[in-house]
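S.K.: Chains as they are written, first to last, in the numbering used here: chain S, 1 to 293; chain B, 1 to 327; chain U, 1 to 292.
Note that these hints are calculated values from the structure, not bench results. This structure is a prediction, so every number in the text was calculated from the model and none was measured. Honestly, I wouldn't trust all of these hints.
Think about it this way: if two alpha-carbon atoms lie no more than 30 Å apart in a straight line, the pair counts; the simulated DSBU-like pairs of lysine-lysine are [said to hold, decoys possible]:
no., chain 1, residue 1, chain 2, residue 2
1, B, Lys10, U, Lys168
2, B, Lys226, B, Lys210
3, S, Lys89, S, Lys63
4, S, Lys147, B, Lys89
5, B, Lys224, B, Lys210
6, S, Lys63, S, Lys84
7, B, Lys210, B, Lys230
8, U, Lys50, B, Lys210
9, S, Lys147, S, Lys89
10, U, Lys168, B, Lys87
11, B, Lys230, B, Lys10
12, U, Lys168, B, Lys9
13, U, Lys50, U, Lys250
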Amino acid sequence: MTAPLLDVCHLTHVFRHGRLILRAVDDVSFQIQEGEIFGLVGESGSGKSTVARCVMNIYRPAKGSILFQGIDICDPRQRRANQKLLQTKRQLIFQDSASSLDQRMTVAEIVAEPMAIHRIVPPRGSLREEAKFQLYYVGLGEDCLDKYPTELSGGQRQRVAIARALSMEPALLVADEPIASLDVSIQAQILNLFRHLQEEHGFTFLFIAHDLAVVRYLCSRVAVMFRGKIVEIAPTGELFRDPLHPYTRALLSAIPIPDPQAERSRPLPPFDLPAPQGVLTEAAPGHYVLRSP
Amino acid sequence: MSTVLYCLKKLAAFAVSLLVLSVVVFSIARLAPGDPLVSYYGDRAEKMSPAERAWAEERLGLHDPLPVQYARWLSNALRGDLGISYKYKTDVLEVIQGRLGNTLLLGGLGFLLIFGLSLLLGVLCAWFEDRLLDRWICRIGTVSSCVPEFWLSLVLILLFSVTLRLLPSSGAYTIGHAGDPADRLRHLVLPLTVIVLGHLWYYAYMVRNKLLEEVRADYVLLAKAKGLGKGAILFRHCLRGILPSYFSIIAISVPHILGGTYIVETVFSYPGLGALAYESARYQDYDLLMVLSILSGGAVILCSLIAQAVNERIDPRIRAGEVGPLV
Amino acid sequence: MSDSRFTQVGIRPLPPPLAPAPRRRRPCLSAFLLGAILLGCLLCDLFIPKDPAYMDLANCSRPPSAAFLFGTDTMGRDIFSMIWSGGRVSLFIAFLATAISTAIAVIFGSLSALAPPWLDALLMRLTEILLSVPSLLLIVLLQAVLGQPNAVTIAIVIGVTSWTSIAKVVRTEVRQIRSSEFVIASRCMGGGFFHILWRHLAPNFLPSILFMVVMDLRSAIVAESTLSFMGIGLPLSVISWGSMLSLSEKALLANAWWIILIPGLFLIVTLLCITDLGNRFRKNANRKESNL
Chain S
1 MTAPLLDVCH LTHVFRHGRL ILRAVDDVSF QIQEGEIFGL VGESGSGKST
51 VARCVMNIYR PAKGSILFQG IDICDPRQRR ANQKLLQTKR QLIFQDSASS
101 LDQRMTVAEI VAEPMAIHRI VPPRGSLREE AKFQLYYVGL GEDCLDKYPT
151 ELSGGQRQRV AIARALSMEP ALLVADEPIA SLDVSIQAQI LNLFRHLQEE
201 HGFTFLFIAH DLAVVRYLCS RVAVMFRGKI VEIAPTGELF RDPLHPYTRA
251 LLSAIPIPDP QAERSRPLPP FDLPAPQGVL TEAAPGHYVL RSP
Chain B
1 MSTVLYCLKK LAAFAVSLLV LSVVVFSIAR LAPGDPLVSY YGDRAEKMSP
51 AERAWAEERL GLHDPLPVQY ARWLSNALRG DLGISYKYKT DVLEVIQGRL
101 GNTLLLGGLG FLLIFGLSLL LGVLCAWFED RLLDRWICRI GTVSSCVPEF
151 WLSLVLILLF SVTLRLLPSS GAYTIGHAGD PADRLRHLVL PLTVIVLGHL
201 WYYAYMVRNK LLEEVRADYV LLAKAKGLGK GAILFRHCLR GILPSYFSII
251 AISVPHILGG TYIVETVFSY PGLGALAYES ARYQDYDLLM VLSILSGGAV
301 ILCSLIAQAV NERIDPRIRA GEVGPLV
Chain U
1 MSDSRFTQVG IRPLPPPLAP APRRRRPCLS AFLLGAILLG CLLCDLFIPK
51 DPAYMDLANC SRPPSAAFLF GTDTMGRDIF SMIWSGGRVS LFIAFLATAI
101 STAIAVIFGS LSALAPPWLD ALLMRLTEIL LSVPSLLLIV LLQAVLGQPN
151 AVTIAIVIGV TSWTSIAKVV RTEVRQIRSS EFVIASRCMG GGFFHILWRH
201 LAPNFLPSIL FMVVMDLRSA IVAESTLSFM GIGLPLSVIS WGSMLSLSEK
251 ALLANAWWII LIPGLFLIVT LLCITDLGNR FRKNANRKES NL
């Protein structure tokens, strides 16, 4: 097994709000191999986005380490030494494309912004040409180039955000619920786009979602988060076939059955679960679950 | 937080701000070049011998270093002795007392009129957005907002006092008719008109624009879908949404309106605090200036504190505290 | 790569773009008038018939006539000539004062918004106290410190006493934008402080302060004329729109309406043009349709 692209070890992050202390992420560890789509699922407030933001160095974690291509990004010295690499090889896609794109820039400017920041000489002549190429890559025509984000639909905007992230040819794409704010039909398009990018070009994703069906369709491995802890990590197929942790079971049972009769007659599983305790233990090869020691 | 604690905290903030304000005003007034003896002794000050000057300065306490002077002023002030006006040669409080009522009448009435009329006009404009009424209100507002107050005063005097001889051009009452309310009212009409016209449009616009923004929010669509009428949406939802920010703007605009009264009072020779402040600043009448500055500054601070408190009661978002910085 | 590949992965062709919104009326008239006034004031030496400072004591308070187009003031100066050369002084003061106050406001506002909370609170307290000191006192103090008033000192006085409202707006805007996702995205991509300030913050707060800056220009003109009128601005000998009007008290007694009305109308027309131009900056933001 080669060294993982991203190695998150015992990551802990706390938010302080006055005297209130909230452990948003509590001792989370996982690894992402090159070329895989790693899913991170959980309900709202379970700490998924916080993990993503720690990985992107937006938050400074309280404890733990994050290794990206062997660089400890939580160490200020190492981070500064590899700043340029980190800023180009990691890219983030936000949930709400309306607020992650500057409304006062045209699409061409938005897509070319990372290149402008890093003063990369555009291989296709001009930044505009470059933007056009990237847009084509995600299925947008050149008539979008001079539009403003407000003039685009949600799906188009999200594609612009993806094009911007792709323009640096990143090694890791962190997608923070990229489809949650889209219509279902558009969701499918964006999902297909992600899958296409992964299959054709071998991008690595950290894909954050709260929709299990999406994760099942897209991801190769899945981690389930609950109240700041990872309760189960497994290859997608195995997780859906044989969920071990009670929370995972509850979550899976929440997927609606596309048959009204069966859906109505099925019993609702208990929803109240205590805060998760214990350590991750390997139940089957590659299948880890949080258990009391 | 309990209400008592909350009030105490606000009171403490008010006291500290007043103290800082008094220090600032005191040092500004004393550091400014100028000869206070001139304002006390008039022309005689220039003919004084050095010994006489020294004696006079000693008597007025101008010899000591600034902090000592300030400390003396403060301890006297806390005992109710606010010093004497160099120009009027009487107790500061007496000088102010005679004029406070006049200014309160003028400023207070003006403030109420501006506040009420601007809400009314703003709501009217929002109701008839882009229709004839709205457009004409805006047009008249634009023109009137371009007229400087002193010029408007001059034109009104020219028209109503000099040409038509309808209204008096100066003073607060005709000599001998001090107790006659009708006479006072007649003297108030022109200054009040100038103050209200000078500020009304600015605030009416503010209300209008904020309302128009508010009307574009999604919840309006929801309220409409629920079947609420236009008036109910505008008054019960939109107006309520803009009131907190309107309150704070109105509150922080108190100095603006106060600044307007001193121009108007000077032009109309209206015996109020504004004209007095203008005089005292020009003639280095220290003690009087101190008290007047603290009075107006205190009013400003008080108003912004009230606005804050009202905001915190009305708008739950502010009370909840701010989100921490990310950058 | 062909288009069919995209159809294959589920991407449908885009719908045709909507027709662009119709252009709104441009403020031609006010731009023209303002341009004419600006040019006239700049080039006044070429066409004014009399020396604006010359006091023709034989012709005091003459009503408008062929010899004196706009009449003379109570000191016998030709009002037509005074308007143009006085406008030059007034507009110079206004522009300088606006530049000073805008610069202070932008620097102070963004500094305060990006600073740690304690510094931000301190700076805001400072502005509040500055706001609560009556501006009259500040103006008189500054005058006294700067010495004999001239155009530059008046501009400094006006600029230094009028920046707080813009600074507050800049601060609020920057605070709102600084943690929005596109700024975070830009930071993740490696955008430095100045890149973010220039590309993201400034374009976003500029439209909201542009209008205020134009209004500031307007209030600077008003402030100059008011100060000069009250006798704490430019002296009578330096001709500006304000100092011309400071003779109005005497004109009132003489019922000489032209001394008051004509310079005032000029002032107002200029202010109206500036306002009209300023309003264009503001209205473009409001494109959405009303929900009401």
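S.K.: So if I understand the rule, the pair passes when the alpha-carbon distance is 30 Å or less; does Lys168 (chain U) with Lys87 (chain B) pass?
M.R.: Not OK: Lys168 (chain U) and Lys87 (chain B) at ~39 Å, beyond 30 Å, violated.
S.K.: Taking 30 Å as the top limit, are the C-alpha atoms of Lys210 (chain B) and Lys230 (chain B) close enough?
M.R.: holds (17 Å)
S.K.: What's the verdict on Lys230 (chain B) and Lys10 (chain B), does the C-alpha distance respect the 30 Å limit or exceed it?
M.R.: violated (39 Å)
S.K.: Is the straight-line distance between the alpha-carbon of Lys10 (chain B) and that of Lys168 (chain U) 30 Å or less?
M.R.: holds (22 Å)
S.K.: What's the verdict on Lys168 (chain U) and Lys9 (chain B), does the C-alpha distance respect the 30 Å limit or exceed it?
M.R.: Distance of about 24 Å is within 30 Å: holds.
S.K.: Take the C-alpha atoms of Lys226 (chain B) and Lys210 (chain B), compute the straight-line distance between them, and say whether it is at most 30 Å.
M.R.: holds (23 Å)
S.K.: Can you confirm whether the C-alpha distance between Lys63 (chain S) and Lys84 (chain S) stays at or below 30 Å?
M.R.: Given that 30 Å is the threshold and the Cα spacing comes to 24 Å, the pair holds.
S.K.: Given the hinted pair Lys224 (chain B) and Lys210 (chain B), is their Cα-Cα distance within 30 Å?
M.R.: holds (19 Å)
S.K.: Holds or violated: Lys50 (chain U) and Lys250 (chain U), Cα atoms, limit 30 Å.
M.R.: With a Cα-Cα distance of about 23 Å, the restraint between Lys50 (chain U) and Lys250 (chain U) holds, given a limit of 30 Å.
S.K.: Assess, step by step, whether the Cα of Lys50 (chain U) is no farther than 30 Å from the Cα of Lys210 (chain B), and give holds or violated.
M.R.: Distance ~50 Å between Lys50 (chain U) and Lys210 (chain B) Cα, so the pair is violated.
S.K.: Are the Cα positions of Lys89 (chain S) and Lys63 (chain S) separated by 30 Å at most?
M.R.: Between Lys89 (chain S) and Lys63 (chain S) the Cα gap is close to 24 Å, so the pair holds against 30 Å.
S.K.: Are the Cα atoms of Lys147 (chain S) and Lys89 (chain B) separated by 30 Å or less?
M.R.: This hinted pair is violated, its Cα atoms lying about 72 Å apart.
Hints 4, 8, 10, 11, counting from the list given before, are not met by this structure.
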